[in-house]
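In case it helps, mature numbering (1 follows the signal peptide of the UniProt record, and there is no 0) puts the sequence shown at residues -22 to -1, 1 to 298.
Hints were generated in silico from the structure; no laboratory data involved.
Remember, predicted model here, so these are calculated numbers, not experimental data.
Idealized CB from N, CA, C, for every residue including glycine.
Careful: at least some of the hints might be erroneous.
Okay, derived cross-link-like pairs now, PhoX-like style, lysine-lysine, Cα gap no bigger than 25 Å in a straight line [as the list claims (entries may be wrong)]: (1) Lys32 x Lys251; (2) Lys147 x Lys201; (3) Lys251 x Lys84; (4) Lys147 x Lys127; (5) Lys108 x Lys43; (6) Lys108 x Lys167; (7) Lys239 x Lys251; (8) Lys127 x Lys167.
The following label-pair restraints were derived from C-beta to C-beta distances [as the list claims (entries may be wrong)]: (9) Lys84 x Ala274: 21 to 31 Å; (10) Arg119 x Phe156: 45 to 55 Å; (11) His124 x Pro235: 32 to 42 Å; (12) Lys6 x Gly151: 28 to 38 Å; (13) Ser86 x Thr294: 18 to 28 Å; (14) Leu164 x Ala59: 13 to 23 Å; (15) Arg122 x Gly232: 45 to 55 Å; (16) His124 x Asn42: 37 to 47 Å; (17) Asp2 x Thr155: 23 to 33 Å; (18) Glu110 x Ala59: 40 to 50 Å; (19) Glu28 x Lys288: 53 to 63 Å; (20) Lys127 x Leu164: 20 to 30 Å; (21) Pro252 x Ala284: 13 to 23 Å.
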Amino acid sequence: MKISHWLCALALTLPFAAPVSAQDWPTKPIQVIVPFPPGSVDAKARVITEAMSKILGQPLVIINKPGAGMLLGTEQMVHSAPDGYTIGVAVQASTWISPLIESSAKYSASDMTMLGIAYGAPAVLVAGPKSELRSVQDLMRAARAHPGKLNFAAPTGGSIFRITFEMLKTLTGIDVTFVPYRGLALALKDIMGGQVEVGFADTSSLPLFQSGQLRPLAVTALKRWPQMPDVPTFHELGIPLETQTWLGFAAPRGLPPAVEKRLTSALAEALQKPEVRAAIEANGVASMATDPSPQAMQQRIDRELAEFKKNVKPGTITFN
């Protein structure tokens, strides 16, 4: 009888104990799993997490865990305890592309709590400096005159650059052959050298545009990109193509609401800091500080998934 009374008393206290622990969070360092190697993207994530650590009062420790198309690091994050002490850097490949095209993936986007997109940038259709392709119209004419003869370069697997070109092919009906590369830098090198006609770059390649090593033909933004005001959007040209490369943050599904609110608030506050925005925008990308909300991130992913399923034929893109 005494035991049952004790259990009842304990049960009554539990609903009131949970919010207190959530309010006290965080009480120890937070792991941030980055599913790719150190580099320029990793550096931007570090600037953001350093600002978040000052806001939250605990260190945010970056742990690089690359491998298997970003599956390894993301799987570790997704299967961690949903207590807020393990979060992850999230990009298209890690959130929805790799799990969609790789049958061995042990998670999907629905297994994550989206915290918000920190920044993004459009893709840029490019040709080499000596290419006869000086516009999207030139590409359309050449591709239709010589079906299957022109080539486009993109990283192998499910890169957003490969997906964007497959969408362009569907939207315009052109037949251009995919040439796979182990990374964007190698793909752009062969476009610059004239070995491959076209491909997509990101806006961090701005110095290559300015130096004339690459010729930008169009951007996948809804409006002209400030750093390239003379380059038209696909929408201006009558092609409804809009994609972005972006970086955000996510956590395991089941995060306590109070912890989720603290993380999303810290991210939004960090993105408002001038030094963070300056670091983000240094290479032609744009801060999403106007709406870094979890809802905007989820809507973005849902929209990208819908466009992928609508404009990319099943089986076109494989993991390897």
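Cross-check of the supplied hints:
Distance hint between Lys32 and Lys251 is fulfilled; the C-alpha atoms sit about 12 Å from each other, no more than 25 Å. Between the alpha carbons of Lys147 and Lys201 the distance comes to roughly 21 Å, so the proposed pair stays at or under 25 Å and holds. Among the hinted pairs, Lys251 with Lys84 is inconsistent with the structure: their alpha-carbon atoms are about 36 Å apart, more than 25 Å. The hinted pair formed by Lys147 and Lys127 meets the criterion: a straight-line CA distance of about 14 Å does not exceed 25 Å.
Between Lys108 and Lys43 the alpha-carbon distance is near 40 Å, which puts this suggested pair outside the 25 Å criterion. Between Lys108 and Lys167 the CA atoms are separated by roughly 13 Å; this keeps the pair inside 25 Å, and the hint holds. For the hint pairing Lys239 with Lys251, the CA-to-CA distance comes to about 19 Å; that is within 25 Å, so the pair holds. At roughly 20 Å between alpha-carbon atoms, Lys127 and Lys167 fall within 25 Å of each other, so this suggested pair holds.
A C-beta distance of roughly 27 Å is found between Lys84 and Ala274, which places it inside the suggested range of 21 to 31 Å. Roughly 20 Å separates the CB atoms of Arg119 and Phe156, a value that falls outside the hinted 45 to 55 Å. A beta carbon spacing of about 57 Å between His124 and Pro235 contradicts the range 32 to 42 Å that was offered as a hint. The hinted window of 28 to 38 Å between Lys6 and Gly151 is violated, with their beta carbons roughly 56 Å apart.
The supplied range of 18 to 28 Å is met by Ser86 and Thr294, whose beta-carbon atoms lie about 20 Å from each other. About 39 Å separates the C-beta atoms of Leu164 and Ala59, a value inconsistent with the hinted range of 13 to 23 Å. Roughly 51 Å separates the CB atoms of Arg122 and Gly232, a value that falls within the hinted 45 to 55 Å. Restraint check, His124 to Asn42: a C-beta distance of roughly 44 Å satisfies the suggested window 37 to 47 Å.
In this structure, Asp2 and Thr155 break the distance hint of 23 to 33 Å, their C-beta atoms being roughly 58 Å apart. Look at Glu110 against Ala59: about 57 Å separates their beta carbons, and that is not inside 40 to 50 Å. For Glu28 paired with Lys288, a C-beta distance near 39 Å fails the hint of 53 to 63 Å. Evaluation of the 20 to 30 Å hint for Lys127 and Leu164 yields a pass: the beta carbon distance comes to about 22 Å.
In this structure, Pro252 and Ala284 break the distance hint of 13 to 23 Å, their C-beta atoms being roughly 36 Å apart.
Hints 3, 5, 10, 11, 12, 14, 17, 18, 19 and 21, counting from the list given before, are not met by this structure.
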